[in-house]
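Chemist: Sequence:
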Amino acid sequence: MRILLIFLVLISVSFSSVSAQIRSEIIEYKQGDTVMEGYLAYDDSIKGKRAGVLVVHDWTGVGSYVRARAQQLASLGYVAFAPDIYGKNIRPADNKEAAKISGELKNDRLLLRLRVNAGLDILRNHPLTDTDKLGAIGYCFGGMTVLELARSGAKIAGVVSFHGNLDTSGESNAIHTKVLILHGAEDPVVPPSQITAFEDEMRKAGVDWQLNVYSGAAHNFTNPSSPAYNRQTDKRSFEAMKDFFTEVFNP
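Okay, so the sequence shown: first residue is 1 according to this note's numbering, each after it adds one.
Quick caveat, the hints were computed from the structure, so don't treat them as lab data.
Cβ coordinates follow ideal geometry from the N, Cα and C atoms, glycine included.
Be careful, since some hints might not be right.
What the hints assert, rightly or not - Listed below are the simulated DSS-like cross-link pairs for lysine-lysine, each with C-alpha atoms no more than 25 Å apart in a straight line: (1) 100 - 30; (2) 133 - 100; (3) 133 - 235.
Unchecked claim - Pairwise CB distance ranges, derived in the manner of DEER restraints: (4) 167 - 94: 23 to 33 Å; (5) 47 - 251: 18 to 28 Å; (6) 131 - 26: 17 to 27 Å; (7) 205 - 239: 20 to 30 Å; (8) 47 - 94: 39 to 49 Å; (9) 46 - 107: 38 to 48 Å; (10) 225 - 205: 15 to 25 Å; (11) 200 - 44: 40 to 50 Å; (12) 44 - 197: 42 to 52 Å.
Using the sequences and the hints, build the whole thing.
Modeler: Shown next as structure tokens:
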């Protein structure tokens with residue numbers, strides 16, 4: 001917990017040095033009859049429309065970690081929206097509960113796609129968002145979720161998965177977006193067979209995809225509150241994401 005607090009403080013200091021105009025707001029919206037509660041961040045010193053990026057939470061839901069990441073994206077000049085994939089006030093109390101809630105959505109890919117697309121609609125309809133420049137990133141559960149967003153046929157420029165599950169739902173022919181996978185070589189959650197199947201899926205569908213594998217990195221390597229946190233890989237993978245969005249938003 002202490003490492004996470006230091007991480008959040010460093011992010012805040014970084015914002016102060018770059019811009020004192022980061023604005024954030026809680027946005028309530030619906031997916032079907034379910035009330036959702038997402039988190040929006042943007043730099044108010046930037047004038048006019050700018051690219052928008054979804055920042056999808058890990059299995060803990062919309063909390064301090066994903067909010068800090070959304071602010072980090074906002075500091076880069078994006079409109080960043082962290083959608084709520086679980087529903088308002090559904091915030092797991094521990095890993096056991098997180099596994100149960102995320103597992104239900106993992107087993108219901110249709111609902112998962114509806115939830116993430118509802119979040120994309122919020123981002124797309126925001127007055128500051130350039131609708132020709134939309135992307136999505138996700139961490140762990142969120143990494144799997146942005147891949148399902150791509151498989152749903154969403155017309156966005158690119159998706160980035162940080163240490164996400166790669167198992168295929170077998171519906172990759174609808175992918176219109178470029179894909180970047182940032183994966184730890186020592187990740188026990190994603191076996192080599194899953195990586196091979198994912199590569200075959202992308203290849204057969206003719207997707208423009210990339211897979212970066214980081215030596216010595218395990219699952220959840222970007223989260224300072226995790227025992228698997230790897231500061232070097234966190235930095236390298238974030239830089240890879242930045243380069244990817246520079247490319248896909250400015251072809």
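Chemist: Quick one: are residue 44 and residue 197 within 42 to 52 Å, going by C-beta?
Modeler: Between residue 44 and residue 197, where Cβ atoms are some 44 Å apart, the hint holds.
Chemist: Indicate whether the distance between the beta carbons of residue 205 and residue 239 respects the range 20 to 30 Å.
Modeler: Given range 20 to 30 Å: holds, Cβ gap about 27 Å.
Chemist: Is residue 100 within 25 Å of residue 30, Cα to Cα?
Modeler: holds, 22 Å
Chemist: Just tell me: holds or violated, for the beta carbon distance of residue 167 and residue 94 against 23 to 33 Å?
Modeler: holds, 24 Å
Chemist: Does the beta carbon distance between residue 47 and residue 94 stay inside 39 to 49 Å, or does it fall outside?
Modeler: Once the Cβ atoms are compared, 44 Å apart, the range 39 to 49 Å for residue 94 and residue 47 holds.
Chemist: Regarding the pair residue 133 and residue 100, is the alpha-carbon distance no greater than 25 Å?
Modeler: violated, 34 Å
Chemist: Take a quick look at whether residue 133 and residue 235 sit within 25 Å of each other, Cα to Cα.
Modeler: Roughly 24 Å separates the two Cα atoms, so the pair holds.
Chemist: Starting from the range 17 to 27 Å, see whether the pair residue 131 and residue 26 falls in it by beta-carbon distance.
Modeler: holds, 23 Å
Chemist: Is the distance from the Cβ of residue 200 to the Cβ of residue 44 consistent with 40 to 50 Å?
Modeler: holds, 45 Å
Chemist: Within 15 to 25 Å: is that where the Cβ-Cβ distance between residue 225 and residue 205 falls?
Modeler: violated, 35 Å
Chemist: Quick check: does the Cβ-Cβ distance between residue 46 and residue 107 fall within 38 to 48 Å?
Modeler: holds, 40 Å
Chemist: Evaluate the given range 18 to 28 Å for the C-beta pair formed by residue 47 and residue 251.
Modeler: holds, 24 Å
Taken one by one, the earlier hints fail for this structure at numbers 2, 10, listed in ascending order.
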